[in-house]
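Protein chains: 2
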Amino acid sequence: MSPIQPPPDRTPLAPDTLHRLAAIVGGKVSTRPADLTVHGQGECYHPSMPPDVVCFPGTTAEVAAVVKLARETGTPIVPFGAGTSLEGHTAAMRGGICIDLGRMNVILDVRPEDMDVTVQAGVTRKQLNSHIRDTGLFFPVDPGADATLGGMAATRASGTNAVRYGTMRENVLALTVVLPDGSIVKTANRARKSSAGYDLTRLFVGSEGTLGVITEVTLRLHGIPEAVTAAVCSFPDAASAVTTAIQVIQSGIPVARVEFVDAVGIVAVNRFAGLDYPETPALFFEFHGSDAGVREQAARTGEIAVENGGSAFAWAAGAEERSRLWQARHDFHYAVMALRPGARIWGTDVCVPISRLVECIGLARSDAAAAPFPVAALGHVGDGNFHMSYVIDPDSAAERRMAEEFSTRLGLHAIALGGTCTGEHGIGYGKVKFMVPEFGEEAVALMRTLKSAIDPAGLFNPGKIIPPA
Amino acid sequence: MSPIQPPPDRTPLAPDTLHRLAAIVGGKVSTRPADLTVHGQGECYHPSMPPDVVCFPGTTAEVAAVVKLARETGTPIVPFGAGTSLEGHTAAMRGGICIDLGRMNVILDVRPEDMDVTVQAGVTRKQLNSHIRDTGLFFPVDPGADATLGGMAATRASGTNAVRYGTMRENVLALTVVLPDGSIVKTANRARKSSAGYDLTRLFVGSEGTLGVITEVTLRLHGIPEAVTAAVCSFPDAASAVTTAIQVIQSGIPVARVEFVDAVGIVAVNRFAGLDYPETPALFFEFHGSDAGVREQAARTGEIAVENGGSAFAWAAGAEERSRLWQARHDFHYAVMALRPGARIWGTDVCVPISRLVECIGLARSDAAAAPFPVAALGHVGDGNFHMSYVIDPDSAAERRMAEEFSTRLGLHAIALGGTCTGEHGIGYGKVKFMVPEFGEEAVALMRTLKSAIDPAGLFNPGKIIPPA
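Those protein sequence lines, which keep their order, are chains S and F.
Take the UniProt record's numbering: the last position of the first sequence gets the number 469, and nothing is skipped along the way.
Take the UniProt record's numbering: the last position of the second sequence gets the number 469, and nothing is skipped along the way.
Read the hints as simulated data drawn from the structure, not as lab findings.
Every clue listed holds true.
With a straight-line Cα cutoff of 25 Å, these simulated SDA-like cross-link-like pairs (lysine to any residue) come out: (1) S/Lys68 - S/Asp35; (2) F/Lys28 - F/Gln127; (3) F/Lys126 - F/Gly144; (4) S/Lys68 - F/Glu441; (5) F/Lys186 - S/Arg448; (6) F/Lys433 - S/Ser183; (7) S/Lys126 - S/Ile224; (8) F/Lys68 - S/Ser452; (9) F/Lys186 - S/Gly418; (10) S/Lys186 - F/Tyr429; (11) F/Lys126 - F/Ala273; (12) F/Lys186 - S/Met435; (13) S/Lys186 - F/Gly418; (14) F/Lys186 - F/Ile107; (15) F/Lys68 - F/Arg32; (16) S/Lys68 - F/Glu442; (17) F/Lys186 - S/Glu442; (18) F/Lys68 - S/Ala445; (19) S/Lys433 - S/Ala398; (20) S/Lys186 - F/Ala469; (21) F/Lys68 - S/Arg448; (22) S/Lys186 - F/Arg448; (23) F/Lys126 - S/Gly252; (24) S/Lys68 - F/Arg448; (25) S/Lys186 - F/Ile415; (26) F/Lys186 - F/Ala453.
These stretches of chain F come out as covered by chain S in the derived footprint (C-beta under 8 Å, 3 or more residues): (27) 148 to 157; (28) 190 to 203; (29) 292 to 300; (30) 342 to 353; (31) 381 to 391; (32) 420 to 426; (33) 440 to 450.
In this text, a Cβ means the ideal position worked out from N, Cα and C, and glycines have one as well.
Produce the entire structure from the sequences given, and follow the hints as far as they go.
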């Protein structure tokens, strides 16, 4: 459990706010300290900043009524999905009302013939995929955690197969959003493409609750591939593994997943799950397509790997073996955390143009080589995105400071290489310091203009994304 | 040549504006009537609304200086690329300064290893593709016309192969934009994905010059496929052709192009180019991939076509035959126009969820069946997007009125089916009337909020996209 930190700049709730809030949501509110603590944190090293109250609306209309109450009383609002975010997105930095969308978990309309679906914001990705399994379709974006689809839209999430299927940016067709003035906006229709008007959908994807509350999400679905194969390939060093991934992408092979795990990560995964992968850097691959197509993709990938000193592929043939292989990859976070009892992970999330990836990972690894704590690297390398995991003692201020120094240097380095401080986790308040280095003063000023035009009172998730002027 | 219509709401130029403008762009301005007329129109039925002056800046800094002058003197600004737009985007509805970006045609940086490129806004798509041919890469978005890449970004253009490669929305990585306050913003870095901050790139893609002037564009490139095949397939009626296209998409076949042409269109193309396609509705296909991959795609597509009563494929084997096949398709506009000497095309551009496509095309065709002028249909049917071409006498007010009635009914029908009034042409001023029906009052109000926050004086391409409050 993270430590608790009272919001630094709390606005006390107006006198009868609690009572009026409860009336809107049929009594579904909580001020229990344990509930408040949970709602003020994510799955990260940031301390909890609890809200004053959590409410659990059941409809878009209830959310709109809560927003109007907040506006009238000057109360900050923080939307909350599954609480799996990593940059303090749900911290109530000025207290106020947390809107937990968990009760809005209805799958509203599945349209297999159009390969799209509309869900309430509190539906999780696993819930959706389980619901639509019989349609032959699936929703590909997979950030690891079983996040809500509203939360994933709000943070512009992605994950292991974004290299093939895109991120939330590409897979959200439309949103229903409650704006800070209480109005309800549908951002777009369901056409696959449109040249009509400003792209309101993309304005809210990645806006992290700072411009409104997402209450419904319309998503693209994809056909479950006819054939799927997966394999692990070991490499003598990190550079040859990453170079292989780069060349696979540059060759235009439509790989569905290509994940890098460094030697420390492999050791951790072996120990955690009782596996026996060679303890050197590795790439985890998955191929989707027709039978002939996946054979062809795998063969071409295998040739590139061998040219770079890679081992033969260790194939995961059936669905069960494949799921065991990906379990090892998905266990990475916990496996690495288990390298050191009581530790927490401080994770980075840079993403760079793929030609700069070897250089960027190399710097990250050499910078952290002398760290007194374990450091592992993991990457969605097909996209140029990787995570350094600093396995720190959460009670050690010195280790926290050192992790922060590493991650600051790495973020600035990625930006200097033409990349971003965050490929998929978002800014929250943890990465606000990178905004001006990444975008420049003028672009950040434009973001501030958008924010104050849409949320003039500054009540929506205050303290997130945009640095103070 | 379209008729000329003086801007309905012209603001006279402030006294020394011309002189100061000329000083900024090194004398590269024009007030010749012929230049003004050309710059106030696109390739459509809308009359020209000429600006007061056209300038030809050579750098982003010059554009910023022009914008500052316009702001200071309260002069409207209309950006201009190649003048190929179809909804009156370049009409100077309040007069003012047209910024022609044609001199900014430098390809700034090609990065084959990252599969991206940065160009000045005035570079055209053919210029780019010819420049990068030797890299093994290409830029896929193809609206037919040799538009500038800045203009294509500004209208969120797409075209025949968007079904495989996406539209400008998916293929623009970053933009440099001069904002109405004269500041210069870079919207993003070059990382393939990012969760950092508001999506400024997508805010400007499709903004049609109403929020700023795009001066540089960074684009994704794609590998030239190892193998390409193309074929034409004839069908007994329109519904069976369109149903085939829908089933191909629903089967997940990654077709690169699937274009519908109705019987009137085929007759026109045969006559125009001396061809002998069976004069029934047809689908034009293109497949991209490995040798084995395209064979497999074509075989599966052929099976679906036959099940729907389609003919055997007429293959275009070599590059030359293929280019002849696509020339026929690209000639459609001129071929249909030639059905009636002196005629102009009034084109529609609806896009609907694919399951509603047969219904929507059916309505469009039956609605226009009794028209006194030829009507042909053409569609990027893999995306649910199609164009009705009303071949009207531009001097006949009755025919213009009738075409407008057809297209209004069709636009509203597409919106009622969950679609959009414009899949790829944009709103300009020609489709402003559809904005509230398509988005609702609240979403249009939000667009108005964005517009007035970024362009408080309302000088940027006034009259476009957003209906008056």
